[in-house]
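Colleague: For reference, the chains in residue letters:
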Amino acid sequence: MAVISLIINGKKRTINTDPQMPLLWAVRDVVGLKGTKFGCGMAQCGACTVHLNGKPIRSCITPVSSVANKKITTIEGVGSETRLHPVQQAWIEEQVPQCGYCQSGQIMSAVALLKTNPDPTDAEIDQAMSGNICRCGTYNRVRKAIHRASDLLKETALTTK
Amino acid sequence: MKPQSSSSMNRRAFLKAGSLTVSSLVIGVNSAEAGTGLVNLSEQMAGKALVSLEVSPLVILENTGKIILMAHKPEIGQGTFQSMPLIVAEELEVSLDQVEIRQAMADKKFGNMGVGGSYSVRGEWANLRKAGAAAREMLTQAAAKTWNVPVDECYAKDGKIFHKPSGKSLPYGALTEIAKTIDVPKEPKLKDAKDFRLVGKPSKRPDIPAKVTGRAKFGIDAEVPGMLYASVERAPVMQATVKSFDDTATRKMPGVRHVLKAERKMYKNTFQGVAVLADSYWAALQGRRALKIDWDNGPHAAFNSTDITTRFKELAKTDGHVDTSKGNFDEAFAGAARKLEAEYELPFAAHAPMEPQNCLASVKGDTVEIWTSTQLPDDVQKETAKYLAIPPENVTVHVMFVGGGFGRRLFLDQVMEAVYLSKQVGRPVKVVWTREDDMAGGPFRPATYSLLRAGFDAANTPVAFQHKVVAPSINDTQFGSKDPAKRQDDGAMEGLKEAPYEIPNLTYNNIFADVPVPMGWWRAVYSATTCFAHESFVDEMAHAVGQDPLAFRLNLIGKNVRMKNLLRFLRDQSGWEKPLPAGWGKGVAFWQFFAGQAGHVVYVSKTDKGVKIEKIIAAVDCGTAVNPDNVRSQIEGGTVMGLTAALKSALTFDEGRARQTNFHDYQMLRLNETPPIEVHILPSSESPIGVGEPGLPPAAPALANAVFAATGKRIRKLPFDINDLG
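So the protein lines, in turn, are chains D and L.
Each residue of the first sequence is one higher than the last, beginning at 1 in full-length UniProt numbering.
Each residue of the second sequence is one higher than the last, beginning at 1 in full-length UniProt numbering.
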């Protein structure tokens with residue numbers, strides 16, 4: 001067991017845990033943020049995607065000790081229902097989720113993509129999103145929603161100029 | 001996914017659909033953290049007692065102005081969390097943002113709470129409309145009474161009752177107390193379809209905001225104070241038993257509290273395992289990995305897919321049970337001027353919902369509380385009661401959002417396992433399956449093997465047709481068969497019976513294959529495999545006589561006008577008759593079965609060694625489309641699941657176990673592999689029918705038929721490599 005400090009969604013959380021415990025279970029079961037989901041445990045499905053310093057990682061294979069004192073963002077830190085991130089807004093407008101279980105991970109991958117590439121092509125969306133499985137088959141809506149989020153981000157940029 | 005026709009047990013489950021229950025009791029409702037309705041709580045009620053009118057278990061009106069519509073079906077992604085309340089709201093003359101939708105807990109007053117067989121909307125349509133209309137009529141009468149005016153001068157609109165001559169109005173909340181004194185009408189007048197404001201128009205699902213913010217609570221998210229996490233090492237071979245185990249290393253690990261033999265009851269079968277219970281899931285998993293178990297692998301240790309295929313092929317030479325027979329196939333086939341014969345092989349499959357199986361159970365004396373992702377909340381209640389020999393009302397079932405069902409969660413084994421463990425240790429226990437547990441544990445979609453024959457007369461008209469289906473029985477592996485001579489599953493004939501082609505001499509054979517592995521209802525059940533064989537072979541027939549495959553089908557359809565219309569609609573929407581670019585091919589398939597009816601046209605273009613899917617056009621006849629946008633979602637999803645089964649992994653067995661264990665070797669179609677899918681809904685004012693499953697069966701044969709059209713290569717076995725046709 002080890003005492004580890006995590007910076008999750010801007011808040012410092014100190015936990016006493018097995019340093020080998022994957023970040024996924026630390027976030028879900030120790031810190032109590034349930035939005036990040038368990039899908040495969042071997043970085044195959046992307047349901048557990050969170051951001052480490054703004055970049056998407058698979059939390060199911062990331063030992064919690066390896067991210068001590070680093071900035072972690074989970075779906076709860078992206079936006080809330082009263083303050084939606086443009087990606088979440090686009091997800092609602094395109095009615096992307098069905099069961100919804102993989103969608104936290106899908107959104108985390110999309111937010112990271114748009115941060116580095118605000119206007120991605122279809123090929124770039126393919127590249128960024130092929131690590132996220134959706135068994136309900138919402139892929140075409142995910143693609144549409146990313147394009148829409150890109151438009152929403154541009155509109156936001158215009159109005160804040 | 002549980003077809004109406006499969007067994008007496010299933011039939012019972014579907015016939016129990018609750019009728020409108022009359023009651024005015026105030027009930028303890030549960031928000032289960034899933035309710036997301038926007039509440040219009042006018043606080044003018046301060047100091048006044050709460051009056052609540054339960055028009056039916058699904059409709060509760062409060063004098064605060066709050067309107068509560070119960071979502072009594074689990075939300076597995078199919079949209080019932082919206083579609084059910086929306087149908088009530090239509091008749092009640094309110095919009096969905098004026099109501100609070102609450103997820104119901106298991107309770108017999110809700111009747112059939114199960115979701116399967118694409119049945120929810122079609123099964124509840126009349127009942128939901130009646131519930132909403134009854135409430136509307138009671139409120140209208142209450143207003144007439146209040147104003148002392150004739151009731152036919154009053155009408156409902158937008159959460160208020162209006163008096164037409166004077167224009168005055170009262171909100172529903174102000175009428176609740178008087179409405180409570182009025183009898184619930186048994187046959188309220190339903191609205192005309194032309195007056196629908198909500199039904200038939202695309203609308204936003206209320207569960208989606210919670211699903212994009214991480215706030216939606218699934219079974220796996222449930223927790224209670226003092227609970228232990230469990231991970232269970234499961235029998236590597238189906239039906240293996242635990243001879244002994246050594247938990248010395250496990251017990252030394254931090255956080256591990258209990259190690260014990262586990263049992264998991266799935267209908268007639270009970271499976272064994274060794275459970276590690278710990279303070280955290282990670283600790284339980286680590287403890288599990290340190291176990292040393294000596295298994296008795298039992299009689300099925302040598303079970304493997306190669307032998308199965310050989311056996312299926314042999315069985316295809318037999319006649320099995322003749323399910324349907326018209327004219328004289330043998331004679332007509334023998335005398336046919338032209339003959340065609342082909343065999344098709346379809347694999348086992350795993351459901352692989354994104355949320356692995358899980359359940360939190362807390363057994364305290366003779367009561368139990370359960371939190372789980374299930375398709376059958378009322379069966380969870382009843383089966384748990386039976387399992388523990390306690391009354392059903394002692395079993396509380398919290399219905400959580402479900403991270404994918406596809407039929408897997410029509411099985412209650414994950415619940416029974418958690419209940420067993422909680423009872424043994426006297427604490428709440430949350431069992432979380434690994435992906436490997438989920439993938440390799442079954443129950444599986446049955447593999448099927450088809451032999452088809454067709455005979456044509458000298459004018460190239462089909463005169464003889466036979467489809468032999470070799471299939472394991474879902475019902476036999478789950479419930480056993482009373483009559484050992486009748487072990488075949490009638491479900492294996494679903495869709496074949498509905499096939500609209502009229503050929504004078506026709507035989508369908510249902511050939512039972514005994515497989516020692518639990519089988520389950522998978523999305524579209526047997527149609528997920530048999531449609532591929534049937535609709536590919538009909539395509540072979542068309543090509544054999546040099547006819548356009550779509551026109552050939554149209555010519556064969558007799559009295560099934562609805563399917564004829566669907567095929568014509570698909571032809572027109574897909575641009576079937578337009579010329580194709582060089583190197584392209586097109587394929588069509590369509591299917592009608594217990595869940596509903598849909599069809600696909602797939603366009604492909606030739607690549608180096610394979611084909612690329614250019615686009616897919618799907619058409620569905622679902623009767624009235626309650627939420628057309630959600631109908632499209634369901635057909636898109638069914639199409640993707642059909643393509644996944646056609647192009648990605650088979651589930652195979654070797655040495656008595658499933659060889660595929662996670663998404664690296666049991667692969668899913670991914671975003672970069674998904675072609676554009678257009679969905680067209682046939683305009684209809686008929687009562688709604690299913691949409692969850694019909695989008696699946698025709699996708700694969702339409703694709704394979706397109707592959708043939710483009711390349712001349714006929715696909716008779718799934719999955720196949722789209723990039724290398726060999």
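If you are wondering where the hints come from, they were derived from the structure by calculation, not from laboratory data.
Any given hint could be a false lead.
To be verified - If you only want the chain D side, here are some residues facing chain L, beta carbon under 8 Å, derived: (1) Cys-45; (2) Ile-61; (3) Pro-63; (4) Glu-76; (5) Tyr-101; (6) Ile-107.
All C-beta atoms, glycine included, are put in the ideal place defined by N, C-alpha and C.
Colleague: Hint by hint, say whether it matches the structure.
Modeller: Verification of the supplied hints:
About 5 Å separates the beta-carbon of Cys-45 of chain D from the nearest beta-carbon of chain L, less than 8 Å, and the hint is met. For Ile-61 of chain D, the suggested interface contact is broken, since its CB lies about 12 Å from the closest CB of chain L, more than 8 Å. The criterion of a C-beta within 8 Å of any C-beta in chain L is not met by Pro-63 of chain D, whose closest approach is roughly 11 Å, and the hint is violated. The interface hint given for Glu-76 of chain D is met, as the beta carbon of that residue sits about 5 Å from the closest beta carbon of chain L, less than 8 Å.
Using the Cβ-Cβ criterion of 8 Å, the hint placing Tyr-101 of chain D at the interface with chain L is satisfied: the shortest such distance is roughly 3 Å. A distance limit of 8 Å between C-beta atoms decides the matter here; for Ile-107 of chain D the minimum to chain L is near 6 Å, and the interface restraint holds.
Checked against the numbered hints listed earlier, the structure breaks hints 2, 3; every other hint is satisfied.
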